[in-house]
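Asker: Taking the hints into account, I'd like the entire structure generated from these sequences.
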Amino acid sequence: MLLEFKDIHKSFGEVAVLKGIRLALETGSVLGLVGENGAGKSTLMNILGGIVPLSSGKMELSGKVYSPDSPNDAQTNGIAFIHQELNLFPNLSIAENLFIVNFPKKKVMGCHFLDRKTAREKTEKILSQVGLDVSPNMPVANLTAAQRQMVEIAKALSTNPKIVIFDEPTTSLTRHEAQKLFNLIRSLKNEGLAIVFISHNLDDVMQLTDHIAVLRDGELIAHDETTSYTIPTLVNLMIGRDMGDFIPRRDTVTSGETCLEVSGLKAGYIGPLDFSIEKGEVLGFYGLVGAGRSEMIRMVYGLDPMEMGTLRWNGRKMHNLNPVKWIKQGVAFLTENRQDEGLMIDQTIAKNVQLAVLPRYTKSLNRVDYKEVGKRSRAQADAVNTKYQNFTTQVVSTLSGGNQQKVVLAKWLLTKPELLILDEPTKGIDIGAKHEIYTLINALVKSGSSTVLISSEIEELLGLCDRIIVMSEGRISREFKKEEFERSAILEAALHHTEEEVL
Amino acid sequence: MKASFFKTSGAASIIYLCLGYYIVMAFVAPGFFTVNNTWNLLYNLLPLLVIAIGQTFVMITAGIDLSITSIIAVTSITGGYLMSSDTAIFDSPESLIFGVLGMLLVGISIGTLNGIAVARFGMPAFMVTLTTMMLFSGLAIWLTQSQNIYNLPEAFVNMPYSSFLGIPTPVYLGVIVLGLSYFLLNKTLLGEWIYAIGLNVETSRISGVKVARIIIFVYAFSGFCAAIGAIFYTARLETGSPVMGQNILLDVIGAVVIGGTSLFGGKGKIIWTFFGAFFMVLLDNSLNLMSLSFFLIMIVKGSVILIAALLNANREKSLRTT
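So the protein lines, in turn, are chains U and G. One point on numbering: in our numbering, the residue at position 347 of the first sequence is 347, and numbering is uninterrupted. For our numbering, add 503 to where a residue sits in the second sequence, where the first one is 1.
Certain hints may be false.
What the hints assert, rightly or not - Derived DSS-like pairs (lysine-lysine); straight-line CA-CA distance at most 25 Å:
#1 LYS713/G to LYS317/U
#2 LYS328/U to LYS690/G
#3 LYS772/G to LYS162/U
#4 LYS375/U to LYS804/G
#5 LYS371/U to LYS804/G
#6 LYS804/G to LYS351/U
#7 LYS713/G to LYS416/U
In case anyone wonders, no lab produced these hints; they're calculated from the structure. Computed from a prediction, not measured in an experiment: that's the story for all the values here.
Answerer: Here it is in structure tokens:
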């Protein structure tokens, strides 16, 4: 055994995140680590990578006790961590990025100078290992997402690791690029390295790994050879129940009446786009990162300017779009970035929930009817099941991610939206809260409102939507009606343009 | 005990600070605890308080208004020009009304200009108001050729010393501004939106807050408050002066910051600013009475404001980590 986790416990405050994990890692093999957000995958790997200390238990590396006190310490012990968010400086060159800590130096007349020549040569060697054929002087900003990933991997490999951790490495890659990455991972494995591969993409996990460990709520639920799993069994293990129950069912009632009609929407690489939403419909948008879904909806809501396009709301043409106007018309927009655009993070729950609806609760002299809005907002927060200690004094930053999202949701539901736009509403929140949000969407639609759901979780879209529009590189690549829903076809549509250009 | 003292809300600690300082100075500073000096304190407090209230509005939105000194200068010469018997633009009784209205109008206009530059053109408040400060300060001096304007109407220069029902007129004015701004910030939609913008401007925009309009309002309001301050100063000095208020910026920012209003926005209260302004006036007055030099007073004031800002920064950090 190269590495063993022995009864690892970890708590943040009173919250137990890992509850006695026992897991082993062999040389020359790939371990897939799967589980929902908040299951404890990242925490476990952060302990291995020396980013957070463990609360109790121990790790053994090649039979010796291993307790890293910093990421650097972990690195010297042969552990390389390739994070989901890449840690590169876009303004610097590849070589400068690789040697940001230990830049080669030369001595001229007793003074130390940077030795760019040596750095370049070393970089070239490292880049050729990962099969990246670009100049070491190239600024990282000029590289594609996949190339940046490769630079990050090259950087990790330059430390001669024994264990390499990949955290969601494929989220920003095209299929073709992902395959190239997998080939590299396989060759690393053949060289005798141990690989940990964390991913939400179960297809990738099944294809690439030798063993799979499933975490749920901080516990190791299963650990076995990859061949003993199927995707459905994995999903069941991850969420602890059938996906069928997990996303509550709803009978589609289409009214046939259009509420929002978008035509010829265009700006930059986006569009031209044409689509419409019917009353009582859930319209899903799927696509890869950078497909332009968020950009598109931000233009519709008047947050970013459009070059061309017309919007009709209930048949009426809309001019000079802005949130004030849309909220008045009954259109609400829950943005992807909860912290920066959804909440006033240092403000109380009450004020956050009330923000969008305040103009509707004013008396003479522009006074706010605090009594009424206080009552309504509390009722709404309770209706979406927000868990808090004190509604009027507690600050939202003290809430969990799921509860914060419920605060944002309560804010928008309080405006009684006819159309609710949700951009990645379940990103980074726990399963329980997810389930509740699904139930809320269904309830909203049942009451006659419509929903636009932008999501990167295909299961979520399949379960909730009446129709799914797949976007790729700023265009609509295909539209699926409910009876045509099929996982692989939707994925293929999302990759459509990208693949053509790569191949 | 000490730690908890500084951790209490800005309001509580600044009140204790004012009281403590007042009591100590009553013993230490010669001529401090006299009827005459108490009037002095009041007359110094009122203009500073009103101007600082305007600044509080701006700072709650995470902005800053450095142009107040130039607004005071321009409004002062405007008032002088409209009211002085030298220029004789209006007859005696009307000149007072037109003078005061003119001053308010000019103050609001310059403030609006600041607000438009910040809100519509997205320029940093610091840059906008720094440049308008230079521009209008220069303009005031150029227009008057650096000459003061004298011979203001009797009714105007006597205003600070007149009284109604035994209470000096300026107190009414101060109470009205205090009450109005408290009402606006704490009871109205406008106030809710001002705080919201300071806490998170993006969230506010997406949630339907009329961000540009509110930002223009707070700068215009700051200009309005500065104009009221200028009316006080002009009447007391009996002069329309193009360099009026040049040294007041530090006192105003100091009053707001000592009161505990956050420079990062979203936090601040009128009552805090009241005590902040009171403390600045106490400091100025007592140090003067102890016959410290102007420069020494500047050093002390600067240090006090620095410490206040430090305490605020610490308080915010501790709030974030808990």
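Asker: Does each hint fit the structure? Answer for all of them.
Answerer: Hints, verified against the model:
1. LYS713/G to LYS317/U: Measuring from Cα to Cα gives roughly 22 Å; hence the hint holds.
2. LYS328/U to LYS690/G: Holds, at about 23 Å.
3. LYS772/G to LYS162/U: violated (58 Å)
4. LYS375/U to LYS804/G: violated (46 Å)
5. LYS371/U to LYS804/G: Roughly 43 Å between the alpha carbons, so the hint for LYS371/U and LYS804/G is violated.
6. LYS804/G to LYS351/U: violated (37 Å)
7. LYS713/G to LYS416/U: holds (20 Å)
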